[in-house]
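Enquirer: These are the residues of each chain, in order.
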Amino acid sequence: MSERLRDLEYTLLLALLRLDGETYGVPIRDEIAARTGRTLSLGALYTTLDRLEGKGFVSSRMAAPTAVRGGRRKKMCRLTLAGKRALSATWDFQQRMTQGLEAQLDELSSLAAIAGGERG
Amino acid sequence: MASGRRPVEPPRFSRWLVGLLSRTLAQPELREALLGDLDEDFRRRAEHDPRRARASYRGDAWRSLFALLRQPSVPRGNSHSGDFFMSRFFEDLRLAARNLRRTPGFSLIVILTLALGIGSVTAVYTLVDGVILRPLPFDDPDSLVMVWGTDRETGAGSFTASYPDFEDFRDRSSSFELVAAANRYPGNVAGVEERPTRMDVGHISHNLFDLLGTQVLIGRELEPADDRRGAEPVVVIAESLWRRQFGGQSEDASVLGRTLKVEGVTHTVVGVVRNPHFPRGAELFVPLEPQEGTEVRGLHNINVVGRLADGVPRTAAVADLERIAVQLGEEHGGENLTRGVRLQPLHEAFVGDRRQPFLLLLGASAFVLLIACANISNLLLHRAAGRGREVATRAALGASTSQLLRQFFAESLWLVGAGSGLGFVLAWVGKEVQLKRISAVLPRADEVALDGRVLAFGLAVTCAVAVGFALMPLIEAARRDLFHQLAAGARTQGGSSNRQLLRRLLVVVEVALAVVLVVGAGLMIRTMLRLSDVDPGFEAEHVLVVPMQFDVPFISEDWPQTLERYDALRERLAALPGVRGVAVAYQDPADPGWGSSFTIEGEPVPEEGHNPEAGFRPVGVDYFRTMGIPMLQGRAFETTDDANNAGAVVVNQAFIDRHLPDEPQPIGRIVNKGSWWLPELDQLRIVGVAGNVKYSGRHLSARPALYLPHRQFPVPEMKVLVRTAGEPLTIADSVRRAIWALEPELPIGNVTTIEEKLASTLEYRGFLAQLLSFFGATALFLCALGLYGVLAYATAQRTREIGLRVALGAQGADVISLVMSQGLKLTAVGLVAGMAGAWGLTRYLSSVLFGVERGDPTTLAAVVVTILAVSLLAAWVPTRRALQIEPTRALQDE
Chain A
1 MSERLRDLEY TLLLALLRLD GETYGVPIRD EIAARTGRTL SLGALYTTLD
51 RLEGKGFVSS RMAAPTAVRG GRRKKMCRLT LAGKRALSAT WDFQQRMTQG
101 LEAQLDELSS LAAIAGGERG
Chain B
1001 MASGRRPVEP PRFSRWLVGL LSRTLAQPEL REALLGDLDE DFRRRAEHDP
1051 RRARASYRGD AWRSLFALLR QPSVPRGNSH SGDFFMSRFF EDLRLAARNL
1101 RRTPGFSLIV ILTLALGIGS VTAVYTLVDG VILRPLPFDD PDSLVMVWGT
1151 DRETGAGSFT ASYPDFEDFR DRSSSFELVA AANRYPGNVA GVEERPTRMD
1201 VGHISHNLFD LLGTQVLIGR ELEPADDRRG AEPVVVIAES LWRRQFGGQS
1251 EDASVLGRTL KVEGVTHTVV GVVRNPHFPR GAELFVPLEP QEGTEVRGLH
1301 NINVVGRLAD GVPRTAAVAD LERIAVQLGE EHGGENLTRG VRLQPLHEAF
1351 VGDRRQPFLL LLGASAFVLL IACANISNLL LHRAAGRGRE VATRAALGAS
1401 TSQLLRQFFA ESLWLVGAGS GLGFVLAWVG KEVQLKRISA VLPRADEVAL
1451 DGRVLAFGLA VTCAVAVGFA LMPLIEAARR DLFHQLAAGA RTQGGSSNRQ
1501 LLRRLLVVVE VALAVVLVVG AGLMIRTMLR LSDVDPGFEA EHVLVVPMQF
1551 DVPFISEDWP QTLERYDALR ERLAALPGVR GVAVAYQDPA DPGWGSSFTI
1601 EGEPVPEEGH NPEAGFRPVG VDYFRTMGIP MLQGRAFETT DDANNAGAVV
1651 VNQAFIDRHL PDEPQPIGRI VNKGSWWLPE LDQLRIVGVA GNVKYSGRHL
1701 SARPALYLPH RQFPVPEMKV LVRTAGEPLT IADSVRRAIW ALEPELPIGN
1751 VTTIEEKLAS TLEYRGFLAQ LLSFFGATAL FLCALGLYGV LAYATAQRTR
1801 EIGLRVALGA QGADVISLVM SQGLKLTAVG LVAGMAGAWG LTRYLSSVLF
1851 GVERGDPTTL AAVVVTILAV SLLAAWVPTR RALQIEPTRA LQDE
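These protein sequences, in sequence, are chains A and B.
Residues 1 to 120 in this note's numbering are what the first sequence lists, from first letter to last.
Residues 1001 to 1894 in this note's numbering are what the second sequence lists, from first letter to last.
For the record, the hints were derived by calculation from the structure and aren't laboratory data.
Among the hints, a few may not be true.
To be verified - Calculated pairs, SDA-like style, for lysine to any residue (alpha carbon to alpha carbon, straight line, at most 25 Å):
{"hint": "1", "chain 1": "A", "residue 1": "55", "chain 2": "B", "residue 2": "1861"}
{"hint": "2", "chain 1": "A", "residue 1": "55", "chain 2": "B", "residue 2": "1027"}
{"hint": "3", "chain 1": "A", "residue 1": "55", "chain 2": "B", "residue 2": "1759"}
{"hint": "4", "chain 1": "A", "residue 1": "55", "chain 2": "B", "residue 2": "1069"}
{"hint": "5", "chain 1": "A", "residue 1": "55", "chain 2": "B", "residue 2": "1403"}
Stated by the list, open to error - Estimated spans, in silico, between C-beta atoms of each pair:
{"hint": "6", "chain 1": "A", "residue 1": "35", "chain 2": "B", "residue 2": "1250", "range": "38 to 48 Å"}
{"hint": "7", "chain 1": "B", "residue 1": "1447", "chain 2": "A", "residue 2": "38", "range": "28 to 38 Å"}
{"hint": "8", "chain 1": "B", "residue 1": "1249", "chain 2": "A", "residue 2": "38", "range": "38 to 48 Å"}
{"hint": "9", "chain 1": "A", "residue 1": "105", "chain 2": "B", "residue 2": "1460", "range": "26 to 36 Å"}
{"hint": "10", "chain 1": "A", "residue 1": "38", "chain 2": "B", "residue 2": "1098", "range": "32 to 42 Å"}
{"hint": "11", "chain 1": "A", "residue 1": "62", "chain 2": "B", "residue 2": "1428", "range": "53 to 63 Å"}
{"hint": "12", "chain 1": "A", "residue 1": "65", "chain 2": "B", "residue 2": "1106", "range": "42 to 52 Å"}
{"hint": "13", "chain 1": "B", "residue 1": "1105", "chain 2": "A", "residue 2": "35", "range": "20 to 30 Å"}
{"hint": "14", "chain 1": "B", "residue 1": "1066", "chain 2": "A", "residue 2": "105", "range": "54 to 64 Å"}
{"hint": "15", "chain 1": "A", "residue 1": "34", "chain 2": "B", "residue 2": "1097", "range": "51 to 61 Å"}
{"hint": "16", "chain 1": "A", "residue 1": "34", "chain 2": "B", "residue 2": "1383", "range": "42 to 52 Å"}
{"hint": "17", "chain 1": "B", "residue 1": "1215", "chain 2": "A", "residue 2": "105", "range": "56 to 66 Å"}
{"hint": "18", "chain 1": "A", "residue 1": "62", "chain 2": "B", "residue 2": "1460", "range": "38 to 48 Å"}
{"hint": "19", "chain 1": "A", "residue 1": "111", "chain 2": "B", "residue 2": "1251", "range": "27 to 37 Å"}
Said to hold, decoys possible - Here's a subset of chain A near chain B, in silico, CB distances under 7 Å, partners left out:
{"hint": "20", "residue": "37"}
{"hint": "21", "residue": "43"}
{"hint": "22", "residue": "44"}
{"hint": "23", "residue": "46"}
{"hint": "24", "residue": "47"}
{"hint": "25", "residue": "50"}
{"hint": "26", "residue": "70"}
{"hint": "27", "residue": "73"}
{"hint": "28", "residue": "75"}
{"hint": "29", "residue": "87"}
{"hint": "30", "residue": "88"}
Glycine included, C-beta positions come from ideal geometry on N, C-alpha and C.
Turn these sequences into a full structure, and let the hints guide you.
Expert: Set out below in structure tokens:
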């Protein structure tokens, strides 16, 4: 895979992987927020998903409308095979770059935590 | 929280906006999913905390919009993965710039129009902010008031108080935290500059600085002990004077203990204060000398200023002082019987009647901006319509709606940015030019600055305009799917007739606004014409005014010597080349001076406290001849009108008209002394009647005047008036040198000409007239442009129809009336609306109008003619174009 994923794309694909199967905007956002403390805007989430769909990493279909959504349909997304490949490629790339650095990186993040925590 | 009462709904505006804009920025499915998710998320949160849910919805909606704007969802298969927001943004800007350069005429007109609008508003706001809006530089300025005496019967007047009255107000009232006195006179001061100079000196009660909240830098302020009679003379100087003349540095106390001579009396410097700004212009402050005794109750020369006690409303304070005024009338009789009290907010005293005209100017400039915006909206609509083919081509080549929108947005950004940048430059230039002209007559001119406050205002205006223009195509597109329409390459029916209506409405509004402005400008121009027609009653050209004062007491043994010094000065100056006459006078003719009461022997004695007043004007021999004031009866003063002879007085025609209208022979009638005359001269015989002189001031009317011979009224503070053959200021230096040759120590005040002084009273109105005319002309021009645009567009659209009519036998006249009537209809509607608006708004001009009513038929008629002429002119080009339509070509066109 010549093209690596961008940060937000990577995050979203990981969330889809975690949620396993079909899912949509609200749970994806909750998942990311619960893990990282970072709340994406739904707009940013959907434009990224849209781009991922354009690249073929995600597939989607419109589900039935529900009342709580003002009669609007959900856009259900799932990871495609190409998406899974892209994920593993990026993961692989990251692993190669971090190999042997684990101890040092751990130390850095504990230092960062002392120095004022992670940046949101 | 209101959760129990009504079902919780998402914030309406955010929901509406995101719903509207996502229509153009996102594909239908994505939009549906997004809006659904927003709702779902909101309902989930609202169960716990409705308020936070709303806040969160709002934040989410706006951030989502931003995300959509940054990365619009693209049609499938059209990959944009590589581009980032910024680089794409710059690309948009670059493209937009190229597009604008392709239509330089359009771009230039939009930029100039905007610059005029924003520049006008910002320049005027600069003045308004400095003069009116900015709080006065005092502690809690809103509780400061001037205490004025009034005529209790009419409630009118702004009289100064007598010293004992001031003391009584101070000691007996309970509604004030402090009451202080603050006078200002020009005085001779030695020890400040190399030569003795004449400077404005503040004569103040010790508590004035406390009252204003003036900060002491070095030494001390005035103390109660300084106010007593016989106290050691002390002086406090302002920081500005300290730094300028005493090399003042922080903490440098060396100035303390230095001595200055104020009016010949040695004063010791005891303190330096931050500039108090009150009394205005004074930089030296000495204690006001207490005046005692019953006779000084009739001498009203104290400016009283008070700070209202906490929580006391002004009305309560007025009632309190009114009660004291009644007591004083009972106790002392005399003029106290008829004196009422009026409180004037200090801000009003500073700004005077400038408030309404200035706010009017701000309104006028806002009108110009509105007209500019209406015009630009029209131009943008016009351009959008004209770009159907371009949009269609680009859409066909795969440009998405959002790409087109972003590009229009980038174009707006360029236009608004360039327009406002140029506007700020114009505002700065305008402010500098105007300020130079009017600073003399503008209160608080020193506080006018194009600073952060003003820039913030200008930027706010700019942003409002920019957002308006940027959102317009977006909303327009979302509402009517304009771009698809355009992309269809159509001059279609429905949408465009709607747009035509909008454009016509904009033109009507422009005409109405322009009418209001032109009426205001017309009234001011008429005022200026009337003012310049006023005959001042003397020869105002070529007179030099030299203010000076001998350091001798008002009444002294040395009087004959002082007179000799004046005579010597006159002789010396009269011998200078270029001098045609010299006279001395307490006030020059352009100075309204002050008044004194009097009675006329043989006339009914007025009720106590109702003595008439007349201008009190000591003048030297030759005054009337030198000033060119005609003697209507009797004689002018002679050298024999001196202490050895009976008191003489010359009155003016207005005096006769008012007080002796039926007297066939006023010469020889006796005038008795009034409130404040010399003790030894009780009676004055009228020896002559002089022509009226119209003093400067608001109404330029002649006021009854008593001219008194200088030789009998030993005023040591006389101005020297020099009539010159040529331009007066060219010999100012030789006049000064000639005076100093005789009187080396004599301070000479600011030498001016009477023409300058008269001009300065016209200056303020001239300034208003000029600005309003400028705004009016700009409005007319923009208005014509707008009308032209609409008609040209309409004519172009109706080419086919007109061609058909001509083919069916319509004559040139029919075509002319077809196009013209359309333009005239719009103009007529705007005219009527504008006249109504003008009638309502010119009310705020009435304080500066002179010799013209605000419903002046001549002005209104001129405005109607002007507006009609301009609109005919604007309609002419489209009409001619319509006349040139050839039926065959027009019909082939479609």
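Enquirer: Given a hint of 28 to 38 Å, does the C-beta separation of residue 1447/B and residue 38/A actually sit inside it?
Expert: violated (50 Å)
Enquirer: Regarding the hint that residue 87/A lies at the interface with chain B, is the smallest CB-CB distance below 7 Å?
Expert: Violated - the Cβ of residue 87/A stays beyond 7 Å from chain B, reaching only about 17 Å at its closest.
Enquirer: For the hint on residue 50/A, does the least C-beta distance to chain B fall short of 7 Å?
Expert: Hint holds; residue 50/A Cβ to chain B Cβ min 4 Å, cut 7 Å.
Enquirer: Regarding the hint that residue 73/A lies at the interface with chain B, is the smallest CB-CB distance below 7 Å?
Expert: holds (6 Å)
Enquirer: Please check whether residue 62/A and residue 1428/B have a Cβ separation lying inside 53 to 63 Å.
Expert: At roughly 58 Å between Cβ atoms, residue 1428/B and residue 62/A fall inside 53 to 63 Å, so the hint holds.
Enquirer: Holds or violated: the hint that residue 43/A contacts chain B, with Cβ atoms closer than 7 Å.
Expert: For residue 43/A, the interface hint holds, since the closest Cβ of chain B sits about 2 Å away, which is under 7 Å.
Enquirer: Hint check: residue 55/A vs residue 1403/B, CA-CA at most 25 Å. Holds or violated?
Expert: Between residue 55/A and residue 1403/B the Cα gap is close to 20 Å, so the pair holds against 25 Å.
Enquirer: In this structure, is the beta-carbon distance linking residue 35/A and residue 1250/B contained in 38 to 48 Å?
Expert: Once the Cβ atoms are compared, 59 Å apart, the range 38 to 48 Å for residue 1250/B and residue 35/A is violated.
Enquirer: So the hint says 38 to 48 Å: do the beta-carbon atoms of residue 1249/B and residue 38/A match that?
Expert: Given about 56 Å between the Cβ atoms, the range is violated.
Enquirer: Can the restraint linking residue 55/A and residue 1069/B be considered satisfied, given a maximum Cα separation of 25 Å?
Expert: Cα-Cα ~20 Å, so holds.
Enquirer: Residue 55/A and residue 1027/B were given as a pair; does the straight-line alpha-carbon distance stay at or below 25 Å?
Expert: holds (17 Å)
Enquirer: Can we keep the residue 47/A interface hint, with Cβ of chain B closer than 7 Å?
Expert: holds (4 Å)
In this structure, the hints that do not hold are numbers 1, 3, 6, 7, 8, 9, 13, 14, 15, 19, 20, 29 and 30, in rising order.
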